[in-house]
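J.: Residue-level listing of the chains:
There are 2 protein chains.
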Amino acid sequence: MSVILYGFWRSIASFRVRVALRLKGLAFDEIPIDILSGEQFKPDYEAVNAERVVPTFVHDGHSFFQSLAIIEYLEDIQPNPRLLPAETEERAYARSLALVTVADAHPLVVPRVRNHLANTFGADIRVIEAWAKHWTTEGLATYERLLARRAPAPFALGAEPGIADICIAGQVISAHFLNLDLSAFPAVARLAERCFAIPAFASSHPFEQPGSKAVSAH
Amino acid sequence: MSVILYGFWRSIASFRVRVALRLKGLAFDEIPIDILSGEQFKPDYEAVNAERVVPTFVHDGHSFFQSLAIIEYLEDIQPNPRLLPAETEERAYARSLALVTVADAHPLVVPRVRNHLANTFGADIRVIEAWAKHWTTEGLATYERLLARRAPAPFALGAEPGIADICIAGQVISAHFLNLDLSAFPAVARLAERCFAIPAFASSHPFEQPGSKAVSAH
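Going down the list, the protein sequences come from chains A and B.
Position in the first sequence (from 1) plus 26 gives the number in our numbering.
Position in the second sequence (from 1) plus 26 gives the number in our numbering.
I should point out that these hints are in silico values taken from the structure, not numbers from a laboratory.
Check the hints yourself; a few may be wrong.
[As the list claims (entries may be wrong)] Pairs of lysine to any residue, SDA-like flavour, derived with a Cα cap of 25 Å:
1) B:K159 to A:E155
2) A:K68 to B:H160
3) B:K50 to B:R36
4) A:K50 to B:L110
5) B:K159 to A:T146
6) B:K50 to A:P111
7) B:K239 to B:P212
8) B:K159 to B:N145
9) A:K50 to B:E115
10) A:K68 to B:R176
11) B:K68 to B:H88
12) A:K159 to B:G148
13) B:K50 to A:E113
14) B:K159 to A:V139
15) B:K159 to A:P212
16) B:K159 to B:E170
17) A:K68 to B:R175
18) B:K68 to B:P58
19) A:K159 to B:P137
20) B:K159 to A:R140
21) B:K68 to B:V139
22) B:K68 to A:A53
23) B:K68 to A:R176
[Unchecked claim] Sample of chain A residues at the chain B side, in silico, Cβ under 8 Å:
24) V79
25) F90
26) Q92
27) E115
28) A118
29) L134
30) S229
31) F233
[Unchecked claim] Have a look at the derived ranges for each label pair, beta carbon to beta carbon:
32) B:R171 to A:L208: 38 to 48 Å
33) B:R171 to A:S63: 39 to 49 Å
34) B:R152 to A:P105: 44 to 54 Å
35) B:A53 to A:S229: 43 to 53 Å
36) B:E72 to A:P180: 43 to 53 Å
37) B:T114 to A:S63: 28 to 38 Å
38) A:L52 to B:L62: 40 to 50 Å
39) B:P69 to A:K68: 41 to 51 Å
From the three backbone atoms N, C-alpha and C, an ideal C-beta is built for every residue, glycine too.
The whole structure should be built from the sequences, with the hints applied where relevant.
T.: This is the structure we're talking about:
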């Protein structure tokens, strides 16, 4: 099976898909699209992804985008290990958790939003960071309240990591990018620690990607 | 089966769930949560939904949130009529389309973001509307490019309306709220017209909800 992932080292959505691929043991080649320099807006990439975002996932000629849609597809083609619970109510709860960051917290801090804040309000880096910290903290606080209601055991929905854990781990990466203190979110911090002890998570972390190392080397 | 939807007349996410319930012929009672006056932050509602957003869906004691998670749950418990295609690749594409608005365009224009723009940048109503128009137009343009690549037949993925159409129709409601001209997005406009000719869509429109009529009556 031929799998290509168009991604970017710093992209949290790319991180989510990398983790899912590795948890399922699926090999893939990643093609970097530098979303900080605007490579996603070039015609070549628009032909790959009409939304002009990363990640894009290409499997045997079929192309999909949006991290959750890709992870659900992986679940369909390679059901083991499961990333979504078998039981209907649990599956719905896992998706609810995933969407807290995918549909609410994370969309507010991506590069195109930061750029638009700078262009519209003349926001400088300090103001943009404050904006990103506000929304990232909101996401962490929501996860902390949710995990407090149902203690992780040891992952969000049970014994094995799944789609909710992948999304919560991504939210914690956003927090690290912003040097946010996680001490107010102990359940989230512990969950992320458990995740990053797993090779599929650790090796998918932005700072472990070749693009990150190229930046540090400059 | 007892179904309760905590929603709000103007909420696009509530609209999506209402349409899905009605397409599947599931009866429900809607409890209004006024997100413009901040009712979602009251302790009573936080007990219902730790994220403090609408909609929340309660079915036989199980509670879920996030419109896509709710719609996927409805698909699981009541598979007919299908809102997601049976074929794996088509299902992934339907979810990709749905997430364009759910994960990218819509999260940027919700009340809490508008309020934060006002509080952080002193943005007045004119500036906030311009912000909302920018991101809503981005979503419309993405959908137009996607529909241009694969002509609707007559709905986004085939003969019957599904999750992608529900999400595109919601994006068009956002556009109407902002008085955006749809003439640059003819495929999107035609798709929405087809959707709103269906009673499940028409009766779920924000302006058809009791809360909307109460506002107009003032």
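J.: Take the hints in turn and mark each one as holding or not.
T.: Comparing the hints with the structure gives:
Restraint check: the Cα-Cα separation between K159 of chain B and E155 of chain A comes to about 24 Å, which is no more than 25 Å; the hinted pair holds. For the hint linking K68 of chain A to H160 of chain B, the alpha-carbon distance of about 20 Å falls within 25 Å, and the restraint holds. This hinted pair checks out: K50 of chain B and R36 of chain B have alpha carbons roughly 22 Å apart, not beyond 25 Å. Proposed proximity of K50 of chain A and L110 of chain B is supported: the alpha carbons are some 24 Å apart, at most 25 Å.
The hinted pair formed by K159 of chain B and T146 of chain A meets the criterion: a straight-line CA distance of about 13 Å does not exceed 25 Å. For the proposed pair K50 of chain B and P111 of chain A, the alpha carbon gap of about 24 Å is at most 25 Å, so the pair holds. Under the criterion of a C-alpha separation no larger than 25 Å, the hint pairing K239 of chain B with P212 of chain B is inconsistent with the structure, at around 30 Å. Restraint check for K159 of chain B and N145 of chain B: satisfied, since their Cα atoms lie roughly 19 Å apart, inside the 25 Å limit.
For the suggested pair K50 of chain A and E115 of chain B, the alpha carbons sit about 18 Å apart, so the restraint of at most 25 Å is met. For a cut-off of 25 Å, the pair hint linking K68 of chain A to R176 of chain B stands: about 21 Å separates their Cα positions. Taking the CA atoms of K68 of chain B and H88 of chain B, the gap is about 21 Å. The hint holds against a cut of 25 Å. A distance of roughly 18 Å separates the Cα atoms of K159 of chain A and G148 of chain B; the hinted pair therefore holds under the 25 Å criterion.
In summary, the hint linking K50 of chain B to E113 of chain A is supported, as the alpha carbons are separated by about 21 Å, within the 25 Å threshold. The straight-line distance between the Cα atoms of K159 of chain B and V139 of chain A is roughly 14 Å, inside the 25 Å bound, and the hint therefore holds. Distance hint between K159 of chain B and P212 of chain A is unfulfilled; the C-alpha atoms sit about 38 Å from each other, more than 25 Å. For the given pair, K159 of chain B sits about 16 Å from E170 of chain B by alpha-carbon distance, which is consistent with the 25 Å threshold.
Between K68 of chain A and R175 of chain B, the direct Cα distance comes to roughly 17 Å. Compliance with the 25 Å bound is thereby established for this hinted pair. In summary, the hint linking K68 of chain B to P58 of chain B is supported, as the alpha carbons are separated by about 13 Å, within the 25 Å threshold. Only pairs whose Cα atoms come within 25 Å are accepted, and K159 of chain A paired with P137 of chain B is accepted, the gap being roughly 18 Å. For the hint linking K159 of chain B to R140 of chain A, the alpha-carbon distance of about 17 Å falls within 25 Å, and the restraint holds.
The hinted pair formed by K68 of chain B and V139 of chain B meets the criterion: a straight-line CA distance of about 18 Å does not exceed 25 Å. For the suggested pair K68 of chain B and A53 of chain A, the alpha carbons sit about 47 Å apart, so the restraint of at most 25 Å is broken. With a CA separation close to 21 Å, the supplied pair K68 of chain B and R176 of chain A stays within the 25 Å bound. Hint status for V79 of chain A relative to chain B: holds, with the closest Cβ pair at about 7 Å, below 8 Å.
Given the 8 Å rule on beta carbons, the hint for F90 of chain A holds: about 5 Å separates it from the nearest Cβ of chain B. Satisfaction of the interface hint for Q92 of chain A is found here, the shortest Cβ-Cβ separation to chain B being roughly 4 Å, below the 8 Å cut-off. At about 5 Å, the closest approach between the beta carbon of E115 of chain A and any beta carbon in chain B falls short of 8 Å, and the interface hint on this residue holds. With a cut of 8 Å, the hint placing A118 of chain A at the interface with chain B holds, because the nearest CB-to-CB distance is about 4 Å.
Because the closest C-beta pair between L134 of chain A and chain B is about 6 Å apart, less than 8 Å, the hint holds. Evaluation of the S229 of chain A hint against chain B yields a violated restraint, the C-beta minimum of about 25 Å exceeding 8 Å. Interface hint at F233 of chain A: violated, since its Cβ lies 24 Å from the closest Cβ of chain B, which is beyond the 8 Å cut-off. For the pair R171 of chain B and L208 of chain A, the supplied restraint of 38 to 48 Å holds, since their beta-carbon distance comes to about 39 Å.
A beta carbon spacing of about 22 Å between R171 of chain B and S63 of chain A contradicts the range 39 to 49 Å that was offered as a hint. A hinted range of 44 to 54 Å for the beta carbons of R152 of chain B and P105 of chain A is consistent with their spacing of about 51 Å. The hinted range of 43 to 53 Å is satisfied by A53 of chain B and S229 of chain A, whose Cβ atoms lie roughly 48 Å apart. At roughly 26 Å, the beta-carbon separation of E72 of chain B and P180 of chain A lies outside the given 43 to 53 Å, and the hint is violated.
Between T114 of chain B and S63 of chain A the beta carbons are some 34 Å apart, a value that agrees with the proposed interval 28 to 38 Å. For L52 of chain A paired with L62 of chain B, a C-beta distance near 45 Å keeps the hint of 40 to 50 Å intact. Checked against the hint of 41 to 51 Å, the pair P69 of chain B and K68 of chain A passes, with Cβ atoms roughly 50 Å apart.
In summary, the numbered hints that this structure violates are 7, 15, 22, 30, 31, 33, 36.
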